[in-house]
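The lines below spell out each chain.
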Amino acid sequence: MKLVRYILLALGIIFVAIQFIRSERNKNEKPSPTDIAKVFTVPDSVTVILKNACYDCHSNNTSYPWYSHVQPIGWFLTKHITQGKDELNFSEFGSYSTRRQLSKLDEIEDVMNDDIMPLPSYRLLHKKARLSQKEKTVLINWAGNLIDAGGIQVQ
Amino acid sequence: MKKIISGLLIAATVLAACNSNKSAESQNSRNNTQAISQTDNVTLTTSSVKDTKNTVSIKEIVSTYLQLKNAFTNDNTTEAAKAGTALEATFKNFDKTWLTTAQKNTFVDIEDDAREHSEHIGTNDGNIEHQREHFEMLSKDIYDLIKTFGGEQVLYKDFCPMYNNGKGAFWLSETKEIQNPYFGKEMLNCGTITEELK
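Those protein sequence lines, which keep their order, are chains Y and P. Just so you know, we're using the working numbering here: the first sequence kicks off at 1 and counts up by one. Just so you know, we're using the working numbering here: the second sequence kicks off at 1 and counts up by one.
Simulated from the structure, these hints should not be mistaken for lab results. These numbers were taken from a predicted model, which means no experiment stands behind them. Even for Gly, the Cβ is constructed at its ideal location relative to N, Cα and C. A portion of the hints provided could be inaccurate.
To be verified - Restricting the straight-line Cα-Cα distance to at most 30 Å, the calculated cross-link-like pairs of lysine-lysine (DSSO-like) are: (1) Lys134(Y) / Lys167(P); (2) Lys82(P) / Lys79(Y); (3) Lys82(P) / Lys85(Y); (4) Lys59(P) / Lys147(P); (5) Lys136(Y) / Lys140(P); (6) Lys30(Y) / Lys96(P); (7) Lys30(Y) / Lys128(Y); (8) Lys51(Y) / Lys167(P); (9) Lys2(Y) / Lys79(Y); (10) Lys104(P) / Lys38(Y); (11) Lys136(Y) / Lys27(Y); (12) Lys147(P) / Lys167(P); (13) Lys38(Y) / Lys167(P); (14) Lys198(P) / Lys85(Y); (15) Lys140(P) / Lys38(Y); (16) Lys85(Y) / Lys96(P); (17) Lys167(P) / Lys136(Y); (18) Lys176(P) / Lys85(Y); (19) Lys85(Y) / Lys104(P); (20) Lys198(P) / Lys176(P); (21) Lys59(P) / Lys198(P); (22) Lys59(P) / Lys104(P); (23) Lys82(P) / Lys59(P).
To be verified - Derived Cβ-Cβ restraints for the label pairs, each shown as a range: (24) Val108(P) / Tyr67(Y): 37 to 47 Å; (25) Lys92(P) / Tyr67(Y): 31 to 41 Å; (26) Ala17(Y) / Gly168(P): 55 to 65 Å; (27) Lys30(Y) / Val154(P): 49 to 59 Å; (28) Ile73(Y) / Lys147(P): 43 to 53 Å; (29) Val154(P) / Lys27(Y): 50 to 60 Å; (30) Asn93(P) / Lys51(Y): 38 to 48 Å.
All chains should be built: construct the whole structure from the sequences, respecting the hints.
Take a look at the structure:
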């Protein structure tokens, strides 16, 4: 019985210790010069959806929940955000080649149609990320129109 | 107290051991890639004509793409995943040193996109519909690649008007006979040849 107590105590110490190992936060005050809104027309109806459902992992600005301060949850989130930004980063969309931009827009349509994104685990914890069919259609039409325009940039 | 300390020590050792294992693994995979690129260089020096080396590599890309296409025609998600991973590796190991600056730019542009699609096809074993969506975009990349560099074999650009919610999609095939990779068995003969690439 004593052993169990010692193990619990040891785990407790480890838990406290890892709280001091914090990963860098995905926060940027300055607007990015290559943000998607700078190269493509993004109507407000689309911006709202992107902010609520996509930007936490696909932009340079994450709105962190309180539990992100608790390790190892914080590490887990950081890993997801890094992966998400690697796949698609709306803050740096303008730096992609036209080919890649078109590819990503096409993928936005696909993940909406197939209900792949936002990730189920994210949807579970973020009510606003549970997109209605109407919201999905808004995104699909927006991406589709940009593709039809051949990725011609606004500016 | 002693027990706590030894407990912590054990935990620390286990953690450290896990970490070192990981780094050993990544070291290994790095060595492997080096080995691959080295063998590539060997074949390179043995080939006497510079230009053929490139077409050979483009040919490799095309033949891996065709394997992928055939996996989709057979509705085989696992084979598709394997071919996707193989295609990513082929792109990665492609020797770009012989290309002119302009050619290199075009190649890198196509490569960036194509590698991402191949990778996704590789990691989505079991979700053939999603794999096919990436295959559609990949086909555009491979078409542009062949248009720029040549494919060194006769290929057909086939079009299926029904895929992608009626928007249609094309693919490249080595056979004159239509064998649809987007629908597989469901609609094997749907499509028409729109272009012959030589």
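Evaluated hints:
1. Restraint check for Lys134(Y) and Lys167(P): the C-alpha separation of about 21 Å stays at or below 30 Å, so the hint holds.
2. For a cut-off of 30 Å, the pair hint linking Lys82(P) to Lys79(Y) stands: about 26 Å separates their Cα positions.
3. Distance restraint check for Lys82(P) and Lys85(Y): the Cα-Cα separation of roughly 26 Å lies within the 30 Å cut-off, and the hinted pair is therefore satisfied.
4. About 13 Å separates the Cα atoms of Lys59(P) and Lys147(P), which keeps this hinted pair within 30 Å; it holds.
5. About 26 Å separates the Cα atoms of Lys136(Y) and Lys140(P), which keeps this hinted pair within 30 Å; it holds.
6. Proximity of Lys30(Y) to Lys96(P) is assessed by CA-CA distance (about 38 Å); at most 30 Å being required, the pair is judged violated.
7. Between the alpha carbons of Lys30(Y) and Lys128(Y) the distance comes to roughly 25 Å, so the proposed pair stays at or under 30 Å and holds.
8. A distance of roughly 29 Å separates the Cα atoms of Lys51(Y) and Lys167(P); the hinted pair therefore holds under the 30 Å criterion.
9. At most 30 Å may separate the alpha-carbon atoms for a hinted pair to count; Lys2(Y) and Lys79(Y) exceed this at roughly 37 Å.
10. For the proposed pair Lys104(P) and Lys38(Y), the alpha carbon gap of about 28 Å is at most 30 Å, so the pair holds.
11. In summary, the hint linking Lys136(Y) to Lys27(Y) is supported, as the alpha carbons are separated by about 27 Å, within the 30 Å threshold.
12. For a cut-off of 30 Å, the pair hint linking Lys147(P) to Lys167(P) stands: about 23 Å separates their Cα positions.
13. At roughly 28 Å between alpha-carbon atoms, Lys38(Y) and Lys167(P) fall within 30 Å of each other, so this suggested pair holds.
14. For a cut-off of 30 Å, the pair hint linking Lys198(P) to Lys85(Y) is broken: about 40 Å separates their Cα positions.
15. A hinted pair counts as satisfied when its Cα atoms are at most 30 Å apart, and Lys140(P) with Lys38(Y) qualifies at roughly 27 Å.
16. Annotation: proposed proximity of Lys85(Y) to Lys96(P) holds, straight-line Cα distance about 28 Å (limit 30 Å).
17. A hinted pair counts as satisfied when its Cα atoms are at most 30 Å apart, and Lys167(P) with Lys136(Y) qualifies at roughly 18 Å.
18. Distance hint between Lys176(P) and Lys85(Y) is unfulfilled; the C-alpha atoms sit about 42 Å from each other, more than 30 Å.
19. Restraint check for Lys85(Y) and Lys104(P): satisfied, since their Cα atoms lie roughly 26 Å apart, inside the 30 Å limit.
20. With a CA separation close to 13 Å, the supplied pair Lys198(P) and Lys176(P) stays within the 30 Å bound.
21. For the suggested pair Lys59(P) and Lys198(P), the alpha carbons sit about 13 Å apart, so the restraint of at most 30 Å is met.
22. Between Lys59(P) and Lys104(P) the alpha-carbon distance is near 17 Å, which keeps this suggested pair within the 30 Å criterion.
23. Restraint check for Lys82(P) and Lys59(P): satisfied, since their Cα atoms lie roughly 18 Å apart, inside the 30 Å limit.
24. At roughly 41 Å, the beta-carbon separation of Val108(P) and Tyr67(Y) lies within the given 37 to 47 Å, and the hint holds.
25. Restraint check, Lys92(P) to Tyr67(Y): a C-beta distance of roughly 38 Å satisfies the suggested window 31 to 41 Å.
26. Taken as a hint, the range 55 to 65 Å holds for the pair Ala17(Y) and Gly168(P), whose Cβ atoms sit roughly 58 Å apart.
27. In this structure the supplied range 49 to 59 Å holds for Lys30(Y) paired with Val154(P), their Cβ-Cβ distance being about 54 Å.
28. At about 49 Å, the beta-carbon gap between Ile73(Y) and Lys147(P) stays in the expected band of 43 to 53 Å.
29. Remark: the range hint 50 to 60 Å for Val154(P) to Lys27(Y) is upheld by a beta-carbon distance near 55 Å.
30. The hint said 38 to 48 Å for the Cβ distance between Asn93(P) and Lys51(Y), and at roughly 41 Å that hint holds.
The structure is inconsistent with the numbered hints 6, 9, 14 and 18, although it conforms to all the rest.
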